[in-house]
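**Student:** These protein sequences, in sequence, are chains A and B. If you're matching positions, the first sequence starts at 1 in the working numbering and goes up one per residue. If you're matching positions, the second sequence starts at 213 in the working numbering and goes up one per residue.
Check the hints yourself; a few may be wrong.
As the list claims (entries may be wrong) - List of simulated lysine to aspartate or glutamate pairs, EDC-like, C-alpha gap at most 16 Å:
#1 B:Lys-234 / A:Asp-163
#2 B:Lys-234 / A:Glu-154
#3 A:Lys-138 / B:Glu-231
#4 A:Lys-29 / A:Asp-179
#5 A:Lys-138 / B:Asp-462
#6 B:Lys-362 / A:Glu-66
#7 B:Lys-412 / A:Asp-156
What the hints assert, rightly or not - Pulled a few chain A residues facing chain B out of the computed Cβ check, cut under 8 Å:
#8 Ala-101
#9 Arg-112
#10 Phe-113
#11 Asp-156
No lab work stands behind these hints: they were computed from the structure. Note that this is a predicted model, so its numbers are computed, not measured. Idealized CB from N, CA, C, for every residue including glycine.
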Amino acid sequence: MSMFVCDPVEAIHDFEIAAGKPWSHRLRKGQRLRVIDSYGQQAVDTLFYNALDYAERYSAQDTLREQGSAYVVEGTALISNEGRVMARIVANTGGPHDTSAGACSCESNTVRFGHHVKYQHACRENFVLEVLRYGMTKRDIPPNVNFFMNVPVEPDGALAVIDGVSKPGDYVELVAEMDLLVVISNCPQINNPCNGFFPTPVRALIFAGPEA
Amino acid sequence: MNLTETQQAEIAVNRANYEKLKAAGQGATPRALPDLTPKGGAALAEEHIVSHETIPGGWYVFGRLKAGESLRLVNPTGRSSVALVAWNARDVSERLNHADTVKVQWSADLRKGRLLLSDMGKVLFAITQDTLGAHDALMGGSTAASNASKYGGDHRNTRDNFRLAAGKLGLAAADLPQPVVFFAPVQVGAQGRFVWNEGKRARSDFVDLRAEMDVLFALSNNPHPLDPAPDYAPGDVEAIRFRLPIPIDDYCRTGSPEAIRAFQNNAAAALA
Numbered sequence: 001m002s003m004f005v006c007d008p009v010e011a012i013h014d015f016e017i018a019a020g021k022p023w024s025h026r027l028r029k030g031q032r033l034r035v036i037d038s039y040g041q042q043a044v045d046t047l048f049y050n051a052l053d054y055a056e057r058y059s060a061q062d063t064l065r066e067q068g069s070a071y072v073v074e075g076t077a078l079i080s081n082e083g084r085v086m087a088r089i090v091a092n093t094g095g096p097h098d099t100s101a102g103a104c105s106c107e108s109n110t111v112r113f114g115h116h117v118k119y120q121h122a123c124r125e126n127f128v129l130e131v132l133r134y135g136m137t138k139r140d141i142p143p144n145v146n147f148f149m150n151v152p153v154e155p156d157g158a159l160a161v162i163d164g165v166s167k168p169g170d171y172v173e174l175v176a177e178m179d180l181l182v183v184i185s186n187c188p189q190i191n192n193p194c195n196g197f198f199p200t201p202v203r204a205l206i207f208a209g210p211e212a
Numbered sequence: 213m214n215l216t217e218t219q220q221a222e223i224a225v226n227r228a229n230y231e232k233l234k235a236a237g238q239g240a241t242p243r244a245l246p247d248l249t250p251k252g253g254a255a256l257a258e259e260h261i262v263s264h265e266t267i268p269g270g271w272y273v274f275g276r277l278k279a280g281e282s283l284r285l286v287n288p289t290g291r292s293s294v295a296l297v298a299w300n301a302r303d304v305s306e307r308l309n310h311a312d313t314v315k316v317q318w319s320a321d322l323r324k325g326r327l328l329l330s331d332m333g334k335v336l337f338a339i340t341q342d343t344l345g346a347h348d349a350l351m352g353g354s355t356a357a358s359n360a361s362k363y364g365g366d367h368r369n370t371r372d373n374f375r376l377a378a379g380k381l382g383l384a385a386a387d388l389p390q391p392v393v394f395f396a397p398v399q400v401g402a403q404g405r406f407v408w409n410e411g412k413r414a415r416s417d418f419v420d421l422r423a424e425m426d427v428l429f430a431l432s433n434n435p436h437p438l439d440p441a442p443d444y445a446p447g448d449v450e451a452i453r454f455r456l457p458i459p460i461d462d463y464c465r466t467g468s469p470e471a472i473r474a475f476q477n478n479a480a481a482a483l484a
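Just chain A, with the same shape it has in the complex (with noise of 0.2 Å):
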């Protein structure tokens, strides 16, 4: 663990992310935010944008590519689709966190679990009501971070996701490296171990940057 996390009471902001409520968040470049997986086993899907040019965005391949594996762990920078630095995760008690398997989504689900699980809630509509409100679109969610959720990938390809590791109270933190729109899908699915089946709230804490 980071010697430099902070202390919980120095938040500037406290948000509760209700079981399976999108959430987003404007956060100032040196400013921290640190999600906390409540009750435990709760995956946390986030996107990441410029603030000033949502046409840069997280990118998932990027990411692994400079760090040359699989998994977001702490130290790992979050890069963008132009190669920058969005942010770097400075403190995690929650086990490693994947970054290939994507977000739900009501068409995804017909496929990997029935076609009559196409009318339950998922994480892309979550993101899609999200973004919106930013003026951006569908075409605008690319393959995102999954805080908290266990995606192993083996030697020989097979994937699956499995039961988290997370216990009530883990928490990542990240710091921003430069000036973000964060948006959170605090995800719904209740069809695969990545929420032990049983979506519960997760709690976002700010801490102001050094220059606050």
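We have chain A already, so just place chain B on it with the hints.
**Tutor:** Same frame as chain A, now just chain B:
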């Protein structure tokens, strides 16, 4: 969190369903993946070929395919990797989604028999022939910066090639999905490190991609970021557009419950 008995019962049912789907998806249900195509196998007769393009090392092509048409990508020198992006030609907001592709098929191992999926639960391409079974669905292509740090200087790269292709197709940079890369033997090893298996790539490898809806596509012929060759020296790649009849028992359409359901979504959309 305290759960009621009803909630616990629902969780147990959903968990059991998931374990069943996972066992089927990672097993051979209903059919095992087909063997790789032998080198020199699956020859194309002249009457099936629509057109033929050589993509010089470092360059890109883009175009359209009708549903049922295929592309054969041939790597004559064995020294190239070919990145692909694609869109639904009728609605470009629907595009390749590498994350859904690997998640839905329970595997990052793109190979013969598997599918490339859109973000809307549909099939863009089926991988119908494949001599190497070693492709990259996770890391993607190069950028100007990644080439500069690896080779020094200014070299053609995947990202800028795709930006050119998207621009010429009337699309914006924001419309570019993350690519998958053929002839790129990337594996996830210990501690999640990416590993390159050069031994799986050889001269004259090829892969066939059959469009399963009308698509726009772009291909970029650049060294993969993990390619161990010290020099920037991609070989030419052949892109052959062809059309063959689709067999009744086509593996890609019938090999897994996920494939069957994805094709049901294609069929439903085709009626719209």
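**Student:** Against each hint, give a clear statement of whether it holds in the structure.
**Tutor:** The hints, checked one at a time:
Restraint check for Lys-234 (chain B) and Asp-163 (chain A): the C-alpha separation of about 13 Å stays at or below 16 Å, so the hint holds. The suggested pairing of Lys-234 (chain B) with Glu-154 (chain A) holds, with an alpha-carbon distance near 14 Å, which does not exceed 16 Å. Proximity of Lys-138 (chain A) to Glu-231 (chain B) is assessed by CA-CA distance (about 31 Å); at most 16 Å being required, the pair is judged violated. A distance of roughly 5 Å separates the Cα atoms of Lys-29 (chain A) and Asp-179 (chain A); the hinted pair therefore holds under the 16 Å criterion.
About 32 Å separates the Cα atoms of Lys-138 (chain A) and Asp-462 (chain B), which puts this hinted pair outside 16 Å; it is violated. At roughly 12 Å between alpha-carbon atoms, Lys-362 (chain B) and Glu-66 (chain A) fall within 16 Å of each other, so this suggested pair holds. A C-alpha spacing of about 13 Å is found between Lys-412 (chain B) and Asp-156 (chain A), which places the hinted pair at or below 16 Å, so the restraint holds. For Ala-101 (chain A), the suggested interface contact is upheld, since its CB lies about 4 Å from the closest CB of chain B, less than 8 Å.
With its C-beta approaching chain B no nearer than about 5 Å, Arg-112 (chain A) sits inside the 8 Å limit, and its interface hint holds. With its C-beta approaching chain B no nearer than about 7 Å, Phe-113 (chain A) sits inside the 8 Å limit, and its interface hint holds. Taking 8 Å as the C-beta contact cut-off toward chain B, the hint placing Asp-156 (chain A) at the interface holds, the least distance being around 6 Å.
Violation of the numbered hints given earlier is confined to hints 3 and 5; the remaining hints are satisfied by the structure.
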